[in-house]
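J.: Taken in sequence, the protein lines are chains H and E. Here the first sequence is numbered in the numbering used here, starting from 1 and rising by one per residue. Here the second sequence is numbered in the numbering used here, starting from 1 and rising by one per residue.
Keep in mind that the hints are not guaranteed to be accurate.
Now the in silico label distances, taken between C-beta atoms and shown as ranges [said to hold, decoys possible]:
(1) H:LEU117 - E:ARG175: 16 to 22 Å
(2) H:GLY234 - E:ARG88: 38 to 44 Å
(3) E:TYR12 - H:ARG118: 34 to 40 Å
(4) H:ALA189 - E:PRO272: 37 to 43 Å
None of these hints come from the bench; they were simulated from the model. Note that the Cβ used here is the ideal one computed from N, Cα and C, for glycine as well.
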Amino acid sequence: MTALLQTRTLTRRYAGLLAVDSVDMAVQAGRVHALIGPNGAGKTTLFNLISGLEPPSEGAVLLRGRDITPLRADRRTALGLARTFQNIRIFGAMTVLENVLTGLQPRRTVGLIQTILRTPAFRREERALVARAREALEMVGLSARAEAQAATLPYGEQRLLEIARAMAPEPALLLLDEPAAGMNPAETAALAGLVRRIRDLGTTVLLVEHDMGFVMDIADDVTVLNFGRLIFQGPPAAARQAPEVMTAYLGQKMAARLAARARKVVP
Amino acid sequence: MPVWLDNFLWTYQNLVHALGINGLLALSMYVVLAVGQLSLGQAAFMGLGAYSSALLTLKLDLPFALVLPVSCVAPVLFALAIGTPTLRLSGVYLAIATIGLGEVLRAVYLNVDWLGGALGLSGIPLRAEFWMIYGLLGAAILVLWLVGRSGIGRAMEAVREDATAAQVMGINLARTRLGALLASAVLAGLAGALGAHSSSFIGPNEYGFEPAVTILSFALLGGIATPLAPVLGAFILTLLPELLRGFSDLRLVFNGVIIVLAVLFLPEGLFPLRMRRRAA
Numbered sequence: 001m002t003a004l005l006q007t008r009t010l011t012r013r014y015a016g017l018l019a020v021d022s023v024d025m026a027v028q029a030g031r032v033h034a035l036i037g038p039n040g041a042g043k044t045t046l047f048n049l050i051s052g053l054e055p056p057s058e059g060a061v062l063l064r065g066r067d068i069t070p071l072r073a074d075r076r077t078a079l080g081l082a083r084t085f086q087n088i089r090i091f092g093a094m095t096v097l098e099n100v101l102t103g104l105q106p107r108r109t110v111g112l113i114q115t116i117l118r119t120p121a122f123r124r125e126e127r128a129l130v131a132r133a134r135e136a137l138e139m140v141g142l143s144a145r146a147e148a149q150a151a152t153l154p155y156g157e158q159r160l161l162e163i164a165r166a167m168a169p170e171p172a173l174l175l176l177d178e179p180a181a182g183m184n185p186a187e188t189a190a191l192a193g194l195v196r197r198i199r200d201l202g203t204t205v206l207l208v209e210h211d212m213g214f215v216m217d218i219a220d221d222v223t224v225l226n227f228g229r230l231i232f233q234g235p236p237a238a239a240r241q242a243p244e245v246m247t248a249y250l251g252q253k254m255a256a257r258l259a260a261r262a263r264k265v266v267p
Numbered sequence: 001m002p003v004w005l006d007n008f009l010w011t012y013q014n015l016v017h018a019l020g021i022n023g024l025l026a027l028s029m030y031v032v033l034a035v036g037q038l039s040l041g042q043a044a045f046m047g048l049g050a051y052s053s054a055l056l057t058l059k060l061d062l063p064f065a066l067v068l069p070v071s072c073v074a075p076v077l078f079a080l081a082i083g084t085p086t087l088r089l090s091g092v093y094l095a096i097a098t099i100g101l102g103e104v105l106r107a108v109y110l111n112v113d114w115l116g117g118a119l120g121l122s123g124i125p126l127r128a129e130f131w132m133i134y135g136l137l138g139a140a141i142l143v144l145w146l147v148g149r150s151g152i153g154r155a156m157e158a159v160r161e162d163a164t165a166a167q168v169m170g171i172n173l174a175r176t177r178l179g180a181l182l183a184s185a186v187l188a189g190l191a192g193a194l195g196a197h198s199s200s201f202i203g204p205n206e207y208g209f210e211p212a213v214t215i216l217s218f219a220l221l222g223g224i225a226t227p228l229a230p231v232l233g234a235f236i237l238t239l240l241p242e243l244l245r246g247f248s249d250l251r252l253v254f255n256g257v258i259i260v261l262a263v264l265f266l267p268e269g270l271f272p273l274r275m276r277r278r279a280a
């Protein structure tokens with residue numbers, strides 16, 4: 001089975017620094033896949049390479065087996081990729097509903113002339129898009145805020161709005177960059193439920209997250225990066241035990257000490 | 001037409017025409033600012049429209065109904081040539097390139113004999129009518145309003161607010177920006193042709209850097225919340241020098257002070273009311 005998303009020796013070099021170092025990663029369809037690693041491991045850079053905001057120095061990105069490396073970000077979106085940002089990037093002056101409608105841009109088919117003439121086709125499409133946008137808001141629980149100005153929403157709701165906007169076109173793959181950052185435990189728990197629902201609706205989720213409890217709770221697969229290199233790929237339970245992952249997070253000495261203690265306790 | 005209106009138009013014809021034409025120029029600035037770009041080439045596009053329309057009338061004596069649309073061709077071609085490479089980049093590349101365009105064209109008008117050289121082109125018949133100018137202005141406001149309230153307007157606002165996020169939404173940045181620049185070239189070209197045919201004379205210095213800044217100030221004063229806002233800004237900045245005629249040389253100072261105050265205290269312009277874009 002080909003993976004939904006694959007990277008092949010994907011590399012991004014900044015003046016002497018290897019931010020992403022020949023990463024071969026596979027994300028299987030229908031899963032929640034977590035991308036973890038210490039600060040500066042290259043997670044966000046990898047996201048930018050996948051979504052097309054930065055060009056790779058080497059390597060390729062494949063979506064459903066198709067090489068999308070030469071495509072611009074907006075073309076990748078049209079092919080079923082969607083993402084959110086670590087530092088929320090909603091359109092603050094627009095209403096909540098308008099933000100989600102912007103996410104439906106790839107679905108627009110009527111042209112300039114029909115738009116100016118307000119033809120029946122234009123009206124029909126606009127109605128359909130608004131209906132779809134309201135569904136997306138419903139999914140994240142923001143229906144009541146549809147007409148509010150986006151910038152006035154509290155932080156947690158802005159994160160949800162960004163997810164609704166990304167989910168509006170029903171993407172095949174959703175990239176979430178630290179969705180739980182800045183959320184309280186109750187909000188994080190609700191977010192975990194939302195991510196599962198997104199997966200069950202048929203959208204594969206690839207997420208970067210530092211909250212390990214959250215990751216262990218919802219991830220079906222885990223990829224661990226350290227200094228730009230892929231050091232582990234597999235189920236979350238195994239990631240916790242893997243010595244190379246411990247070393248990455250805790251340093252050599254600490255990891256060795258913990259491993260020694262584990263051997264003593266569990267003979 | 002009632003007699004009083006006829007008399008009024010006759011007495012203030014120049015001013016009435018200038019108001020409408022500056023309104024069109026303000027709209028041409030608005031379209032570019034609406035996608036978050038800065039152009040200082042609106043005067044240059046206007047000049048291309050003015051020169052090409054004047055030549056078509058003077059040399060070929062074509063009917064004005066034909067001259068008017070054809071005068072948009074040259075501005076659009078130059079906008080394509082300048083916009084295609086610069087609008088792929090983010091930043092002020094368009095502004096820099098368009099300043100260059102204005103200066104290069106000025107040098108060309110000055111030095112090419114059949115463009116009139118320093119003397120410019122004179123004897124252009126006065127064929128721009130009140131109803132043409134205001135008809136086009138009204139149509140332009142209407143079209144920009146309809147586009148602004150649609151998904152295309154949403155895409156333009158997204159590109160202006162956060163280009164990266166807009167691109168991730170699936171919006172083609174280069175196409176959106178180039179489309180706006182071409183529309184602005186059309187509007188400026190029309191304004192140029194109408195201006196040339198309501199003043200009988202055009203010269204190389206009318207389309208340089210200074211008028212470009214004046215056009216920008218229309219949109220700065222009015223704001224870009226709706227298409228009407230920059231037009232009102234243009235009206236104010238066109239009427240003001242007339243009202244301040246008594247102050248003679250101090251008029252420009254007043255103008256300048258108003259622009260500075262607008263930028264400092266009214267960053268969204270005098271008319272910041274947003275368009276309602278809630279569909280269905």
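J.: All the hints need checking, so say for each whether the structure fits it.
T.: Outcome of the hint check:
no., hint, verdict
1, H:LEU117 - E:ARG175: 16 to 22 Å, "21 Å, holds"
2, H:GLY234 - E:ARG88: 38 to 44 Å, "41 Å, holds"
3, E:TYR12 - H:ARG118: 34 to 40 Å, "36 Å, holds"
4, H:ALA189 - E:PRO272: 37 to 43 Å, "41 Å, holds"
When held up to the earlier numbered hints, the structure conflicts with none and fits them all.
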